[in-house]
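Top line first, the protein sequences correspond to chains A and B. The first sequence runs 1 to 392 under the working numbering. The second sequence runs 1 to 392 under the working numbering.
Keep in mind that a hint or two might mislead.
[What the hints assert, rightly or not] List of simulated lysine to aspartate or glutamate pairs, EDC-like, C-alpha gap at most 16 Å:
#, chain 1, residue 1, chain 2, residue 2
1, B, K317, A, D259
2, A, K378, A, E285
3, B, K215, A, D34
4, A, K4, B, D34
5, B, K88, B, E333
6, A, K225, B, E360
7, A, K47, A, E212
8, B, K3, A, E119
9, A, K151, A, D101
10, B, K4, A, E382
11, A, K3, B, D34
12, A, K4, A, E285
13, A, K267, A, E234
14, A, K215, B, E98
15, A, K215, B, E333
16, B, K215, A, E98
17, B, K317, B, D271
Simulated from the structure, these hints should not be mistaken for lab results.
Chain by chain, the residues:
There are 2 protein chains.
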Amino acid sequence: MLKKNRLFTPGPTPLLPSAQVAMASYGAHHRTADFRTLFARVLADLKEFVGTQNEVLVLSSSGTGFMEASVSNLTSPGDKVLVLTAGKFGERWISLAEAFDCNVDVLSAPYGSTFSTEEVKKRLTPDIRCAYVQATESSTGARHDVEAIAKLVRAMPDTLLVVDAITGLGTTHFDVDGWGLDMIIGGSQKALMIPPGLAYGAISERAWQRMETTKSPRYYFDLRKERKSAAKAETAYTPATSLFAGLAAALDYVRQMGDGNLAAGRKALVDNAEMCAAMTRAGVEALGLKLFSPRAPAAALTAVAAPAGADSTAICKRFRDQFGAVVANGQAEMKGQLFRIAHIGYYDYLDTAGVLAALEQVIAEVTGKAVEFGCAVKAAQEVYKQRVASSE
Amino acid sequence: MLKKNRLFTPGPTPLLPSAQVAMASYGAHHRTADFRTLFARVLADLKEFVGTQNEVLVLSSSGTGFMEASVSNLTSPGDKVLVLTAGKFGERWISLAEAFDCNVDVLSAPYGSTFSTEEVKKRLTPDIRCAYVQATESSTGARHDVEAIAKLVRAMPDTLLVVDAITGLGTTHFDVDGWGLDMIIGGSQKALMIPPGLAYGAISERAWQRMETTKSPRYYFDLRKERKSAAKAETAYTPATSLFAGLAAALDYVRQMGDGNLAAGRKALVDNAEMCAAMTRAGVEALGLKLFSPRAPAAALTAVAAPAGADSTAICKRFRDQFGAVVANGQAEMKGQLFRIAHIGYYDYLDTAGVLAALEQVIAEVTGKAVEFGCAVKAAQEVYKQRVASSE
């Protein structure tokens, strides 16, 4: 059988066709009125997409580049910071803060889990200059309660809160200004449906003030310089122009999803991820599989524990070899223990049903146990029917 | 008349059509055999393109990101470095080295000029840990004599030489290993004919050794981490996948230019730039205009001084408005004083003849003086005929 290559991974995600066309055909110089118009539109649209009055900037790098910017711009060597971690991406905050000589305090929760408000409260001492957390820990599929954490951080006058929402933006609801998030970071290859290469973030006034005094070295990721350039609708350094053209097309698509309104489009995108997630979870459980992060599952992806006696590496391999679909394995030491089915961005009902049918087939073959074909799909269909009915 | 949009700027350059198609259609995940194969091929091809046995790495950023990597990886705070500068990009080295707390010694030459070997020799004291220079200063069109500078630096046992060849690679000849360049840096949006967003560089064993002891903070641009990942055909962080696919297509094209050999393709690309440059220079001079960098003109671009009484801003504007062609103005304080016609990468005879014809028209209208139509084109044609004859 023909096998289409499909990405069911938590980034990169399936590409939006109109963005692919835009990326291929955009060849303008970045110091022209043409690019300035595109760039200003992308910044304004992203502000609406993120849902904030804070200034939004875009960097030509992966999301990790903006994460670095949040450390190098907001801290000075020796500053005490608190990292909340429960997975590989939480651990990236630790490495980053250590690279910039911060004094790093760590609150860990087990992989697949999240923190209790009590624990966070206890660790938030007044000397902490920045707290770092993921909205969605994409290595485990867990969602952290950013709203509750923000409430605690906002009670501390000198602590900034930085949220890695690279996977979270467009799959989870945020009230950036209402909750008082000082920096929220997104990436192009997630809900915004284009390839990796751009990172964006919204920056609060408190964070801009902090940058007046911080002393860590930065140049390519210097946000104050980038802000000055953005005021003239320019980037500080040569931008990844074709990806900007793709991003503009993707934001147009999200606006269409919201009947002409980007905020409504973002909500529709989150609703879509939640519907796909609910369907996928029901299907996975109907197959007798266990969620890896049952207590706080993110809408962005469904992380599934490998069934007893089976290795998730074999499951991912069979998915790819037999059906052309790429499902993500666990990362680093979690390899073999779980697999991850994403539903971020450009996914729909047919993708969800198809991946569940393929999963039934793969599980039957990998475990050697009898599987009632159609059971996962049926469970998903029932969730769909019920949710559609209740929204009418 | 219909106006095609054409870039005659020193980066970005005209896009290679086969690379545009590759970029639009590539949607693979970066942690798959598919991407690893592509990535390993790009690294091997770049090594051949650069013409080195040194390890080549690619970063998902603009060229400035790799420039930052050459400072943050090769220096510790307080290290003495020497910057050779004669334009806007030379000044970037100063800002970068200052951002990372180096003790910066500067040797400047006037804009449009270059350094004498004597001056460089005098400034190269044994305590200089790194020397930084451009191969081609694209703000003025001047070429610096990297071979002669390298000879001087190689006499110093503790000094590394870093060359920004973002515009130089593919427009100038380098013997990276023979001259002993410790780092040479290129960008995707120049001779390699794709949009901005990737930077590449070749790194000597001496430079790798230096990294064992340097202490400047780095994370996203940590070359040692990137090297470890590259050994497994992976990138340390999420790469700009679609640009990698474009780069692979561009390298295929350069290999075809060299009849199946990438080194020969690189030579053909340099020869092409030199032919375009010689034709453009002859045309410009036939029009009575003065080169901005007459003593050491780079093959990458022809920088032309604005004629007496005319502003180069008006020349660039008319070029764009009347003919759709983007010619670069001077940068920052050089705005209005010069304009720059690039011939980097995907340019040919027809582009060169066309831009000269348009230049005749533009100069006549902007200066109000009589211009003998065809004089610049004719001068270029004569250069072409002579060069083709002498190569036969």
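Evaluated hints:
1. B:K317 with A:D259: 39 Å, violated
2. A:K378 with A:E285: 12 Å, holds
3. B:K215 with A:D34: 42 Å, violated
4. A:K4 with B:D34: 14 Å, holds
5. B:K88 with B:E333: At roughly 10 Å apart (the allowed maximum being 16 Å), E333 of chain B and K88 of chain B satisfy the hint.
6. A:K225 with B:E360: 39 Å, violated
7. A:K47 with A:E212: With Cα atoms ~23 Å apart, K47 of chain A and E212 of chain A exceed 16 Å; violated.
8. B:K3 with A:E119: Distance ~64 Å between K3 of chain B and E119 of chain A Cα, so the pair is violated.
9. A:K151 with A:D101: 27 Å, violated
10. B:K4 with A:E382: 54 Å, violated
11. A:K3 with B:D34: 15 Å, holds
12. A:K4 with A:E285: Roughly 26 Å separates the two Cα atoms, so the pair is violated.
13. A:K267 with A:E234: Not OK: K267 of chain A and E234 of chain A at ~29 Å, beyond 16 Å, violated.
14. A:K215 with B:E98: 12 Å, holds
15. A:K215 with B:E333: Violated. K215 of chain A to E333 of chain B sits at ~29 Å, over the 16 Å cutoff.
16. B:K215 with A:E98: With Cα atoms ~12 Å apart, K215 of chain B and E98 of chain A stay inside 16 Å; holds.
17. B:K317 with B:D271: Given that 16 Å is the threshold and the Cα spacing comes to 30 Å, the pair is violated.
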